[in-house]
Amino acid sequence: MSETTFITPTRPYMVRALYQWIEDNALTPYLMVDATADNVQIPTEHVQDGRIVLNIASRATGNMSMENDYIHFSARFGGVSQEIWVPLTAVMGIYAKENSQGMFFDPKEYDNYQPEDDSAPMSNNSPAKAPKPKRDNKAGLKVLK
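Here my numbering is used: position 73 in the sequence shown is 73, and no number is missing along the way.
Rather than coming from a laboratory, the hints here were simulated on the basis of the structure.
Model, not experiment: these values are computed from the prediction.
Where a beta carbon is used, it is the ideal one built from N, C-alpha and C, also for glycine.
Take these hints with a grain of salt, some might be off.
To be verified - With a cut-off of at most 25 Å between alpha-carbon atoms, the simulated SDA-like pairs for lysine to any residue come out as follows:
#: 1; residue 1: K97; residue 2: T44
#: 2; residue 1: K97; residue 2: M32
#: 3; residue 1: K108; residue 2: G93
#: 4; residue 1: K97; residue 2: G78
#: 5; residue 1: K108; residue 2: D34
#: 6; residue 1: K108; residue 2: W85
#: 7; residue 1: K97; residue 2: T36
#: 8; residue 1: K97; residue 2: F73
#: 9; residue 1: K108; residue 2: T10
Stated by the list, open to error - Now the in silico label distances, taken between C-beta atoms and shown as ranges:
#: 10; residue 1: F6; residue 2: N99; range: 31 to 39 Å
#: 11; residue 1: F77; residue 2: Q101; range: 19 to 27 Å
#: 12; residue 1: Q41; residue 2: Y110; range: 14 to 22 Å
#: 13; residue 1: K97; residue 2: I7; range: 27 to 35 Å
#: 14; residue 1: G79; residue 2: K145; range: 37 to 45 Å
Sequences and hints are given; from them, build the entire structure.
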């Protein structure tokens, strides 16, 4: 491998794999996040020591999306639904609540990594949302008399 060859970090792949393994074994996946990292959108009232632990079980989240750059989902905190955005660079670890099996990541993994499509940095300290596809305006039900 030459010095100019860049490989992607393993963190997004390991997070997805461990999440699937934890869910397949009917355990509760917890995600530990560095709350001080850039572009993290979380409920700050639950941050302790610069970290937050999020329950990312499928039964506790809605519209979960785990991409190579971020994890996005909606969850309820104190009965209020919130949109959560966590860049993979802020993920410290993923583990099962019940037995603590999982993985914690090297904080320096992203130090020398430059994504190829890094041309447009995020602004306003919040992630850019992908536009939702428009659906046809066809009613699913008809009133019959």
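Structure-based check of each hint:
no., hint, result
1, K97 / T44, "holds, 21 Å"
2, K97 / M32, "holds, 11 Å"
3, K108 / G93, "holds, 13 Å"
4, K97 / G78, "holds, 20 Å"
5, K108 / D34, "holds, 13 Å"
6, K108 / W85, "holds, 21 Å"
7, K97 / T36, "holds, 23 Å"
8, K97 / F73, "holds, 19 Å"
9, K108 / T10, "holds, 12 Å"
10, F6 / N99: 31 to 39 Å, "holds, 36 Å"
11, F77 / Q101: 19 to 27 Å, "holds, 26 Å"
12, Q41 / Y110: 14 to 22 Å, "holds, 19 Å"
13, K97 / I7: 27 to 35 Å, "holds, 32 Å"
14, G79 / K145: 37 to 45 Å, "holds, 41 Å"
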